[in-house]
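Kindly produce the complete structure, drawing on both the sequences and the hints.
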Amino acid sequence: MNFKRTVSIFMIGFFLSACTPKEYVKQNSAYIMFKTPTFKYADMGFIYENEEEIKVEIYGSGQALMSLEISETSVCMSLLECMGKSAFNREVLNSLYPEDILENIFREKPLFNGIGLEKNGTGFTQKIVKKDKYNIDYSVLKNEIIFRDTINTILIKVKKQY
125 MNFKRTVSIF MIGFFLSACT PKEYVKQNSA YIMFKTPTFK YADMGFIYEN EEEIKVEIYG
185 SGQALMSLEI SETSVCMSLL ECMGKSAFNR EVLNSLYPED ILENIFREKP LFNGIGLEKN
245 GTGFTQKIVK KDKYNIDYSV LKNEIIFRDT INTILIKVKK QY
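Those letters in the sequence shown? Residues 125 to 286, by this note's numbering.
These are calculated hints, taken from the structure and not from any lab test. We put the CB at the ideal spot given by N, CA and C, even for glycine. You can take every hint at face value.
Here are the computed distance ranges between Cβ atoms for each label pair: (1) V253 / E232: 17 to 23 angstroms; (2) L204 / Q285: 26 to 32 angstroms; (3) P222 / Q285: 24 to 30 angstroms; (4) E232 / G186: 26 to 32 angstroms; (5) N152 / C200: 16 to 22 angstroms; (6) S185 / G238: 35 to 41 angstroms; (7) K257 / S185: 33 to 39 angstroms; (8) V253 / L203: 28 to 34 angstroms.
In silico DSSO-like cross-links for lysine-lysine, where the CA-CA straight-line distance does not exceed 27 angstroms: (9) K150 / K243; (10) K281 / K150; (11) K284 / K251; (12) K284 / K179; (13) K243 / K281; (14) K283 / K150; (15) K284 / K159; (16) K284 / K266; (17) K150 / K164; (18) K266 / K243; (19) K283 / K243; (20) K283 / K266; (21) K233 / K179; (22) K233 / K251; (23) K283 / K179; (24) K266 / K150; (25) K150 / K284; (26) K164 / K251; (27) K233 / K254; (28) K251 / K159; (29) K281 / K233.
What follows is the structure, given as structure tokens:
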């Protein structure tokens, strides 16, 4: 009987912990622009981060217009089902992009293993070109992130408010 009680308490704890909200260690309000050929969102929002994932929310008139959750293996976007990172790139961004590109943008990390990286006093810039496939200008400077691919008409811009 003692074993059954222990198992029951463990199971209840397990199920309750699955329903607890995720803890984020970093939160920022920001102006967020997310434009691709299929989606166009631009307004104030929030970026929440922890070790495992990033959550981006864009609001308009006090309502969440777009929610984007990026985990180690998948991307979940409102209006779309959750999908693997490669599938998300194929559907929304560009299939030639590395799997971790969206996460690296929102975490302010270099892209494509640091190709074309130029550091300066307030951050870094990258110019990444693959003829007829993508032409990327990416900068992380002070409180602003700008990712622009002129060939694929993609713009992701984040201006963090502190």
